[in-house]
Amino acid sequence: GAVVSQHPSRVICKSGTSVKIECRSLDFQATTMFWYRQFPKQSLMLMATSNEGSKATYEQGVEKDKFLINHASLTLSTLTVTSAHPEDSSFYICSASGTAVFEAFFGQGTRLTVV
Amino acid sequence: SQQGEEDPQALSIQEGENATMNCSYKTSINNLQWYRQNSGRGLVHLILIRSNEREKHSGRLRVTLDTSKKSSSLLITASRAADTASYFCATRDRGSTLGRLYFGRGTQLTVWP
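Protein chains in written order, with the numbering used here: chain A, 33 to 147; chain B, 132 to 244.
Note that these hints are calculated values from the structure, not bench results. Accuracy of the hints is not assured; some may be wrong.
[To be verified] Over the 10 angstroms line for every Cβ pair with chain B, so calculated as not near, a few chain A residues:
id, residue
1, 73
2, 140
3, 143
[What the hints assert, rightly or not] Within a straight-line C-alpha distance of at most 30 angstroms, the following computed BS3-like cross-link-like pairs (lysine-lysine) qualify:
id, chain 1, residue 1, chain 2, residue 2
4, A, 73, B, 157
5, A, 52, B, 157
6, A, 96, A, 46
Glycine included, C-beta positions come from ideal geometry on N, C-alpha and C.
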């Protein structure tokens, strides 16, 4: 299957700082990327959908100014958690779909811990 | 928000036994997919079944889809300890090939050696 690489896999940051998470499609062009958040033993909650070259569409209740999403190219989307708080600690996962790829392929996830 | 529910929430079996997980969903779908997630890791795509298909096989996996009942099942035959993971079903709405996926809560499968 297609490969989606997410980086970093783990990050610890101080409250008030910003953290950037990258999601790359390595062997296909991802016209659409999705960002999810997952709490322990819970399902994936969609945060936002991003299409290459346009603004992301955020789900209800997700602060767009706090979770900045950029999808500037067909192979890279980034999620920046701004002014992080301990309650932002979670597991963040990206997935990517392309015109030739009907399945959604997922990155390895990023464990964010805000201290 | 979630679309479907997996059943059971947790399943514990011995190696060699078969594991069956069920998924129900609410709306008309384009396709249904099953994913596997090891603890603290990303999701691995297992199998996709389209709305006009009733059954699909891949290795030790067998997936069925009943669109009249809005349900699907995932059967893992001859389970192994390495199959221990969470399994999620995900649906994509009819008319949407690249749109969002709706995930269920998942089934935590534990296979004892």
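Taking each numbered hint in turn, which are not upheld by the structure, reported in ascending numerical order? 1, 2, 3 and 5
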